[in-house]
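S.K.: Whenever a hint applies, use it, and build me the whole structure from the sequences.
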Amino acid sequence: MDDIDAMFSDLLGEMDLLTQSLGVETLPPEPPSSSSREMNFSMGFADMNVESLNELEENDLDALMADLMADLNDTEEKLAAELGGKKEAEAPHPDLPPASHGLSFYPVPSLSTPTSPERGPNTFSAPLADSPAPIHSPPTLPQHAKPSKEEIEAQMKADKIKLALEKLKEAKVKKLVVKVVMHDGSSKTLMVDERQTVRDVLDNLFEKTHCDCNVDWSLSETNPELQLERGFEDHENLVDPLSAWTRDSENKVIFQERPDKYEVFKNPQNFYLWKKDKKTIKDMKDRDKELLVEENFCGTSIIVPDLEGVLYLREDGKKSWKQRLFLLRASGIYYVPKGKSKTSRDLVCFVQFDNVNVYYGKEFKNKYKAPTDFCFVLKHPQIQKESQYIKYLCCDDAWTMNLWVTGIRIAKYGKSLYENYKTSMKKAAVTTAWTNRTAATAATTSIPSTPSPTTKAKASGQANGHAPQPPAEPVAKVGNAPPPPPPLLPTQILPPPPPDPVLPPPPPPLATKRSPPATSVSRQLPSLPTLPTSFPPSPTSMANLPPPPPSLSQDDSSESPPDFLPPPPPTLGFGPGAGSLPPPPPVSLPPPPPPDPGFPLPPPPPDPAFCPVTNRGSLPAPPPRQSYIGAGAPPPPPPPPPASAGLQSTPSVRRTGPPPPKRTTPPLAAPGGGDFMSELAKAMAKKRGNQ
Amino acid sequence: MAAWDLSVTMEDLGADAPPITVSVTSDLHIGGVILKLVEKSQVKRDWSDHALWWEQKQQWLLRTAWTLEKCGIQADAGLIFMAQHKSLRLGLPNGLTLRLRACFSGPVFRTVLGICKMLNIRRPEELSLLRPVEEKKKKKDKDLSEEQYDLTEVPLISVSRPCLYNGMPAHFADSLKTEKVYKMLSVSQPAPAPEAIAKLYRPASVVDKAHIHSRWLDSSRSLMQQGVQENDRLWLRFKYYCFHDLEPKYDVVRLTQMYEQARWAILLEDIDCTEEEMLLFGAIQYHINKLSLSEPQTMTSSPAMDDLDSALQGLEVKLDGAESSPQDMLENLTAPELNDYLKIFRPKRLTLKGYKQYWFKFKDASISYYKSKEESLGEPIQQINLKGCEAAPDVNVAGQKFCIKLLIPAPEGMNEVYLRCEHEEQYSRWMAACRLASKGKSLADRLFQSEVQSIHSFLAMQQTNPNTHTDDSMSINTHSLVSPRYSKKYKVKQLTPRILEAYQNVAQLSLTDALLRFLQIWQALPDFGISFVVVRFKGSRKDEVLGIAPNRLIRIDLGVGDVVKTWRYNNMRQWNVNWDIRQVAIEFDGNVNMAFSCVTADCKIVHEFIGGYIFMSTRSREQSDTLNEELFHKLTGGHEAL
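Line by line, the protein sequences are chains E and L. Everything in the first sequence is counted per full-length UniProt numbering, starting at 1 for the first residue and increasing by one. Everything in the second sequence is counted per full-length UniProt numbering, starting at 1 for the first residue and increasing by one.
What the hints contain is simulated information worked out from the structure, not anything from laboratory work. Among the hints, erroneous ones may be present.
Claimed, not checked - With a Cα cut of at most 35 Å, we get these calculated DSBU-like pairs of lysine-lysine: (1) E:LYS342 / L:LYS44; (2) L:LYS542 / E:LYS278; (3) L:LYS387 / E:LYS282; (4) E:LYS391 / L:LYS183; (5) L:LYS538 / L:LYS488; (6) E:LYS340 / L:LYS117; (7) L:LYS180 / E:LYS278; (8) L:LYS538 / E:LYS340.
As the list claims (entries may be wrong) - Using C-beta positions, here's what the derived DEER-type ranges look like: (9) E:ALA433 / L:ARG582: 52 to 60 Å; (10) E:LYS266 / L:LYS542: 36 to 44 Å; (11) E:LYS340 / L:ARG582: 36 to 44 Å.
Just so you know, even glycine gets a beta-carbon here, dropped at the ideal spot from N, CA and C.
M.R.: What follows is the structure, encoded as structure tokens:
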């Protein structure tokens, strides 16, 4: 405890210094806010821990930073919501989690403490359990007392407690840095938390890439050792399957289009009427297809296509493949024993789907002497190596294999599959509509007026701290401009500095880089060459044409600065968390980018940052301005960010370098928690060198 | 116009009473006849439900404005003046019989509407009446139980009151007797004795099943017209297997009866399923039985009250939670553990090592073991994370063997581990912990105690020897949960652990969810919803089976049982019935034509099935709740409808 206290006071001291240096006296950091800051630091720290930074490509680093920022912002925002009293409870503990088991999972330290009642303790990774808990409890109680004194209302208290619990929960969330291999062979690194579904991650990727967001896009995992591949379902949690990978795993996560993903909804007749003659199937009218889907997926019960056929089964432990007549039912795969009939009562259960997933096998002809290469496999997701518990089946042709794999997915996932499809469809439809619109607007409005909207739209925000939201339509988000901003901020912040002054050169790369941070907007405007343009026209801007004014107004309101500020502290936080001192700010402080833009004056920002509590809503505003400014926009908005931004901006500047996505290292490299600060410093140095 | 004498028997005067003769002219309308009749009988009572039934022609004279001439009635017509609503013994899907008053004069479709309204079953078009299978056994004792449920005294007018009273439709709340009826309707029945199941009629083949479908009454004609007499017994069943708009909140009776019908279809092997499916059905039945016994109260409170209650409860919990959260948090810090000496055995190739004893600690979904209790503070010999594992019982109560077989997934495959417990008590706790852990839950979970409890009661079930009958309502003979085929195949002690295993996956379901789950699995069976009729296709010389499903017709080879061909209603252009030669002809898209004559059932039944399913598919959620009766008759009526 002493250590922690000491660290806290150190931190506070640092913060004070920082504020003073910024010249902002207005709002001396209140104790509560400081605590919140601390929390952020620790979180950021933990996250960073995951991968040794040196390993990462620059662009990876950028992306990560963006994620991190978003993350921090998130938490900040949440904290802001809270009243001062609570905060201490969550005060993070710098204690670092031991190297993760197998994977690069690092429970955020602060998380470990109290298990929120709602969550079963088991949800968290085991390592955390013991040490942190005791530490935490004491702080919680005192804080508890404080608020009660200050505010008598019991309701307030209850609310606060609830909030605190929520935060604790939040803090406990497992996070994973995942390297996703893109379809072109490049890779992107992003942070995924425990609660995010594949759908959330896809949305995130949509924003970071310029793909068309059609329903076929999916994340898949490959297992080179077993030569398996499986597309994740949109409703699955991504972290779960990934945590089954072994430490030295060569497995990869791939972002690609998989036409088989929702084929059953596009051409249901191929699955449900497969026995019919080819012509009927081919001539199926759209209306009939819809009916078929409705019939099988919209009733009280999902109907599984009734598949039956002779497949080859790889005998346990033997090299031979034996033919058997298999049938698919909702309850599992069955086979007909020798000399028996196909009636239900005689069927023997081959496998049920509760504990297994279905995978495509690759080149089993070579590997296992399979009769054909059209094989699929059923296994427990945790099995990663050759085992007698893996069931190998082989089909005569690709079509049969597809039929079976899809049938099994329907049996296993049922209605979720259809829900996923509907969600994807909505998403795709909205995006296309939006893209068109955006393109138009972009042409007209050269100035990326309102950044704030962008913020809201940000998926990255979701990706990190926020509970996975069901993929809301971007449009909808646009509609309600103010709310979501916080998450975005970090990302936004990053992009602005580099763009204009510092690095004019590679417009395309910038665009791409930025695109990750930028929300859905960025997707649509992949081609934007110039920096200014590169800013995705914020959704809001689109909605209401006079974008610039709003942003300004927002800026005026003191709110905006706070958002901006928050990000820097996290960076600082790294230092302390790692055990290294707060100095990070100076180190990383290459503030050149911000100044360049020609911001009039940086001072104001600090205050808000310190008291993020005040207003989260307006957060998004600041970043956009910067961008404007850079573009040559009017300077009116007091650029609060400069000082604080300095830290953040640095990374971003470096990023500017063209993003060479060369490496495809295993996504989850889990180096132990090295000294984060030094690693960060190295990485930055490296980048600079590159520049 | 000349007056003549018309003699009419008044049923209410008794069978022996002489007919009453009234003097009428041919232009007197039916209403006038009734008026004269009533005046002459000098009986003062409410005659509003009465009407004239023309015995020889087997038809009702319901149009009171028609004249005798128009009806074609002459002096020789034997008319009977009787009530349109008569008492009927209705066999419900749950196997019990309910006496109630049903309409004998309207088309059966209308009669079913009335019955369903009285029973509070929505979507009555999905149900119909059929003649029961003759029961050969003497049923003295049965008659007694049948009389328990009687709704004949409920005034018909009160049925139309939509309001709820004490959570049940107002007309059930009139007396204790009717309340009991409602409970019978809305709560699933306890498991029947295995012997009782074995005694009931079970269709042994597709042809047997086809014969059952020949018993459906004609929806477009009245009960009287179909020879149904007062106090006859008819079955009420779901006939069309497309259940529209199932809403547990409003459909308590409907849901329960649907479940009962499904349950009996499975127990009586009316629909085939695999062994695994049967075990799951058994497990859900067990669960539903248990819940129905333990929470009958919930059924009697009104939905509105439920809402309020739950809202209040939610509020309490919220406040509670808010206030006690620090405590909770503290409690969670000290998550419950299990600590015990257990024996472990890990089968490996070529090793015959037996069980070895260690000190085991269960915490946070994983098991650690140590050499001894004293060393439990140090590093465990091994720690096993149970998340995602399979935990199966390996128990022999008689032999005092209480083992837990764990299949633990690891990157290299599944590791098999056996834990041996000393006694039942210990076993129940550790097994429950393993089960929860496999689903990623901890001991802190609320489910832990109930899990322990259910393992206990299952063990007890294995223990019961036939001599001592325990009154513990929780212990059920598992043979009563599966069809006779499986009762024969497995002994209770073999069956019980397997049902317990399946039970793990459903133990957390609420009553409603359990009912729904049962129905879902039932509906997912490949043979679900197929009604069979033996037919002869045009141009074919042998009998074949026509399966009528909600979305398609299936031609099935009678000998082998293989599906020969399917036609979907979507592609159907039109269908015609030639009532003279009793042949059904159907045309599909692409000039596909088929025709068949019906062997086991009247072609009206087949016609009605097809038309009925097409009618069902016209219903949609957007439409108002009113039933388009006219359309139904148009689709199913045949020439009689016109």
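S.K.: Taking the hints in turn, state whether each one holds.
M.R.: Against the structure, the hints:
1. Between LYS342 (chain E) and LYS44 (chain L), the direct Cα distance comes to roughly 67 Å. Violation of the 35 Å bound is thereby established for this hinted pair.
2. A hinted pair counts as satisfied when its Cα atoms are at most 35 Å apart, and LYS542 (chain L) with LYS278 (chain E) qualifies at roughly 29 Å.
3. Using a Cα cut-off of 35 Å, the hinted pair LYS387 (chain L) and LYS282 (chain E) is violated, with the two alpha carbons roughly 46 Å apart.
4. With a C-alpha separation of about 49 Å, the suggested pairing of LYS391 (chain E) with LYS183 (chain L) is violated against the 35 Å cut-off.
5. Straight-line distance between C-alpha atoms of LYS538 (chain L) and LYS488 (chain L) comes to about 42 Å, which puts the hinted pair past the 35 Å bound.
6. The suggested pairing of LYS340 (chain E) with LYS117 (chain L) is violated, with an alpha-carbon distance near 48 Å, which exceeds 35 Å.
7. This hinted pair does not check out: LYS180 (chain L) and LYS278 (chain E) have alpha carbons roughly 58 Å apart, beyond 35 Å.
8. With a C-alpha separation of about 32 Å, the suggested pair LYS538 (chain L) and LYS340 (chain E) falls inside the 35 Å cut-off, and the hint holds.
9. A hinted range of 52 to 60 Å for the beta carbons of ALA433 (chain E) and ARG582 (chain L) is consistent with their spacing of about 57 Å.
10. Taking the beta carbon of each, LYS266 (chain E) and LYS542 (chain L) are about 41 Å apart, inside 36 to 44 Å as hinted.
11. Taking 36 to 44 Å as the suggested C-beta distance range, the pair LYS340 (chain E) and ARG582 (chain L) conforms, at roughly 39 Å.
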